[in-house]
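Generate coordinates for the entire structure from the input sequences, incorporating the hints supplied.
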Amino acid sequence: MGAIIADFDWARTSIGPIATWPAAMRANLAFVLRSQAPIVTLWGPKGVMIYNDAYRAFAGDRHPSLLGCDVLQGWHEVADFNAHVMREVYQGGGTLSYKDQELTLIRDGTPRRLWTDIEYSPAFDDDGSVLGVIAIVLETTQAVLANERIADERRKLLQMAEHSPSFMALLEGPEHRFLMTNPAYQALVGGREVIGRPIVEVLPEALQQNFVAILDEVYASGEVFQATGAPFRLEGSPDDPSLERRLDFVYQPVANEKGETTGIFVSGIDVTDRMRAEAAISASEAQFRTFAQALPSHIWTATPDGNLDWFNDRVLEYSGASEPDLIGNGWTEIVHADDVSAAAEQWRSSLSSAKPYETEFRIRAADGSHRWHLVRAVPICDDAGGIIRWIGTNTDIHEQKLSQAESTADRDRLWSISRDLMLVCTFDGVITAVNPSARRLLGWAEEEMVGKSLGDFLHSDDIRSTQEEVEKLSRGVTTLAFENRYRTNGGDYRLLAWTAVPDADRIHAVGRDITQERQLLRDRDRTWSLSPILKVVTDSQGYITDVNPSWTKTLGWTREETLGKRSTDFMIDDEAFWGERVRTLSAGQPMLAYQTRLRAKDGHERLIKWTTVPEGGTFYGFGRDITAAAEAAAALADAEAALRQSQKMEAVGQLTGGIAHDFNNLLQGITGSLEIIQRRMMQGRFTELDRYIAGASNAANRAAGLTHRLLAFSRRQPLDPKPVRANTLVASMEDLLRRTLGERIELELALAGGLWITKCDPNQLESAILNLAINARDAMPDGGKLTVETCNAHLDSAYAARQRGVNPGQYVCICVTDTGVGMDADTIAKAFEPFFTTKPIGQGTGLGLSMIYGFAQQSEGYAKIYSEVAKGTTFKLYLPRFRGTEETDEPAPQLTDAHMADAGEVVLVVEDEPIVRGLIIEELKELGYQALEAADGPKGLEILQSRRRIDLLVTDIGLPGLNGRQVADAARDLRPALKILFMTGYAENAALASGFLEPGMEMITKPFAMEALATRIRAMIEG
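Residues in the sequence shown are numbered from 1 upward in steps of one, following the numbering used here.
Don't read these hints as lab results, they were simulated from the structure.
Taking lysine to aspartate or glutamate and the EDC-like style, the derived pairs with C-alpha atoms no more than 20 Å apart in a straight line are:
| # | residue 1 | residue 2 |
| --- | --- | --- |
| 1 | K1006 | E923 |
| 2 | K876 | E766 |
| 3 | K876 | D826 |
| 4 | K979 | D951 |
| 5 | K452 | D492 |
| 6 | K401 | D339 |
| 7 | K565 | D539 |
| 8 | K785 | E746 |
| 9 | K722 | E766 |
| 10 | K785 | D735 |
| 11 | K876 | E833 |
| 12 | K979 | D902 |
| 13 | K871 | E789 |
| 14 | K979 | E998 |
| 15 | K609 | E580 |
| 16 | K864 | D826 |
| 17 | K472 | D505 |
| 18 | K565 | E580 |
| 19 | K830 | D778 |
| 20 | K99 | D117 |
| 21 | K876 | E789 |
| 22 | K979 | E1022 |
| 23 | K99 | D80 |
| 24 | K99 | E119 |
| 25 | K472 | D461 |
| 26 | K535 | D523 |
| 27 | K876 | D824 |
| 28 | K785 | E868 |
| 29 | K46 | D80 |
| 30 | K864 | E789 |
| 31 | K401 | E360 |
| 32 | K258 | E223 |
| 33 | K601 | E561 |
| 34 | K979 | E933 |
| 35 | K452 | E468 |
| 36 | K785 | E743 |
Cβ-Cβ distance ranges computed for the label pairs, FRET-style:
| # | residue 1 | residue 2 | range |
| --- | --- | --- | --- |
| 37 | N147 | L33 | 28 to 34 Å |
| 38 | N147 | G476 | 46 to 52 Å |
| 39 | L414 | R804 | 43 to 49 Å |
| 40 | R155 | E77 | 27 to 33 Å |
For every residue, glycine included, the Cβ atom is placed at its ideal position computed from N, Cα and C.
This is the structure in structure tokens:
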């Protein structure tokens, strides 16, 4: 550096030529240049740098540009640091010292962190003024980094010790004073405070159990000591085995740089649980082998390192080998030569991973044949996870493997015969195999596709999406229903839907040709647009999500005006009724052939007939505008109703003409009995009056029954369903049926044993059977046979689906079969229509079968006709099985004290028939009631308007002036809490009772027994 400094042009620096330098400065520089330490001097206020050879190495690639350079410019990246130095040392005359000062300097064009020890001192002139700064710079980067590494390693070591399951401690000096322990060691010694204390003080047990003597020996000799399974017991009960631990440990001497032992590092693991487990396993080994010998399976065991050491007799018997032949790796001698390598490799893999072993290979039998076996082995581990032993089994799967081979053959056959395109390719898209369907679907032979890329056959618009799908497959994602177009040999394209799965290096794909299916979807969309049927799609809440153009054409509302609105926004019908439909659809049931009135945009109403089907939370409605057809049908119905009424009146006239004879006979019995009673009472003869009273009462009851049947015919009699034993009912009709059929027709009753109970109106059932018998008689003018049969029947869902109005379930079947003239198909189709008859005019109304059909439907049953011309007819009446409790006939009510009035209750009777009114008034007085009477509605209303007490209103419905319902309404306005009992001779009102009666209202049908009336009145007043 001396020569370089001498040749340097110092005149261009702030310190001037060398000749002008002060003697003190030149003397300092002479010292600096001779020094071996890296020194740089900073002269003058700007700190012009002059340095020696040692510093030149520190400057690196900045030399020689640093020479003669101002320090703030030369080391510009640490200008602030050097400015501080110049202020403190040059200007202030002080000194600075830095130890491992971190600086970031640019070296080789890159900022680098380095550390230095720097001593700054002033260079004085002879007069004591400061000429410059002398800096001794020693780079300590390597030492700092080394110390950091050591500190980091020490930190990691402490962290490892902190979290290590092994116990660790560091002892210092011959007293073995504790410097460090980890948590595992603290747990071992019961959490005792040991740091800074000698071992004999804190662990006297170690002295008693000879551990301290061993430590002394290791400290003195400097040799490592290692122990396995050594017992160590803390102070406590000598009989408590839980306090004794078994330890594997090492005493490792720690030496200084001179090789002198200064301490001992203690490390080890607590193997108590493992040794106990080993002891337990050893104790159970004999028991296990006894158990294994009793099993029919092949059982074997192996050591932790995989050497087989025991086999049960089944292995030896099967293989014909001795145990010594198989011990260790000898088992490979009985494995098929083609399977040994893979079996052994997988065994080694399981040993290294400690995972269960499972594989299949062939094992040689004693006769030299080989059979496939499933070989499994599982490791038995201690609590620490270490393997103690392996237990294995061999299971014969030879037949299963043969079956799998057949399955493989089946798979190959499927490859050959499948109509879907099957393809195998690499993840690069290179086709490696295709099945024969490639030629059928695309026209390409196998050799024309194999080896080529998928892109060679794809539509150009589908290449990118296919590449993306292949990339997903390469990540293990399965492809479902991916679509793309493949070019055929003829130049057109087929649309294929793919399912593909990846394996290690291949993609296996199956493609189905959906070209035609997609065309059908396009056709469907075209149908949606062009169909005259209204098509509406809604969500489960009824909000419209789509409509077809016919919606707009029919109603005028555009698609935009419709979407998002509820379907009820367009309905004129009751929204509550629509809510019931929504509940039905939400339950998954379709709504068939129902009608709604919709409001068109022009304000008119349109009648739409709908079928709505639910699917996946969406409702699909299909509607047809039947407004014009409905108007025409209404006009036609009016005309038909008029004609039907005239026909019915004719039929009723004929019917009542026949009934009049029977009714006159009954009246004769009543009036005759009453005349005899009257005459005998006038004569004072009171004996035998009961006989004539009973006769009159019986005739009256029979007249009521006749009225019942007449009302049933006219559809005015309500059903009175009750549990019925059909066998008993049919048997009771046998005499009536025989008299009805006459001598030329044979009657046979075939009544099934164990017949279920049904629930229906027994009178209606009797009428139905009698009506069918009469029809059968008329169909056998020359005689024949009538069979009435009963049986249990189960109508399944398949049968019910084929029959209209039939619910699947269990039924009681009454079957009436004749051997008469029979009916053709057209006649059967019309047989249930009202007024349809094949009999001559005047011999039939055509209402009988219609009434039976109506009875079956009202009873929730079903009626069916089977007939062939000239062979006869079978009529089957299905009535639902009843599972409730069968009712017992109650005796006729008798008047008792329970019917009597309690506190003089007041009953108002409104009845226009004087005899009936008088009887009721008399009965009420007999029972202790205060009875008020009115002959018509207006008079009854006058009494109601008074302030008189009235506890119950009893009124006939058919009153002159104001009818009974009007009187009741007025009564409720005047007396809101008044209870009302209606009387009626028209069963039509009883049929309407569910809607006719309000709370606190009841109805009784004439004729009624006085006891029944008294019971009803008492119950209503007390209720």
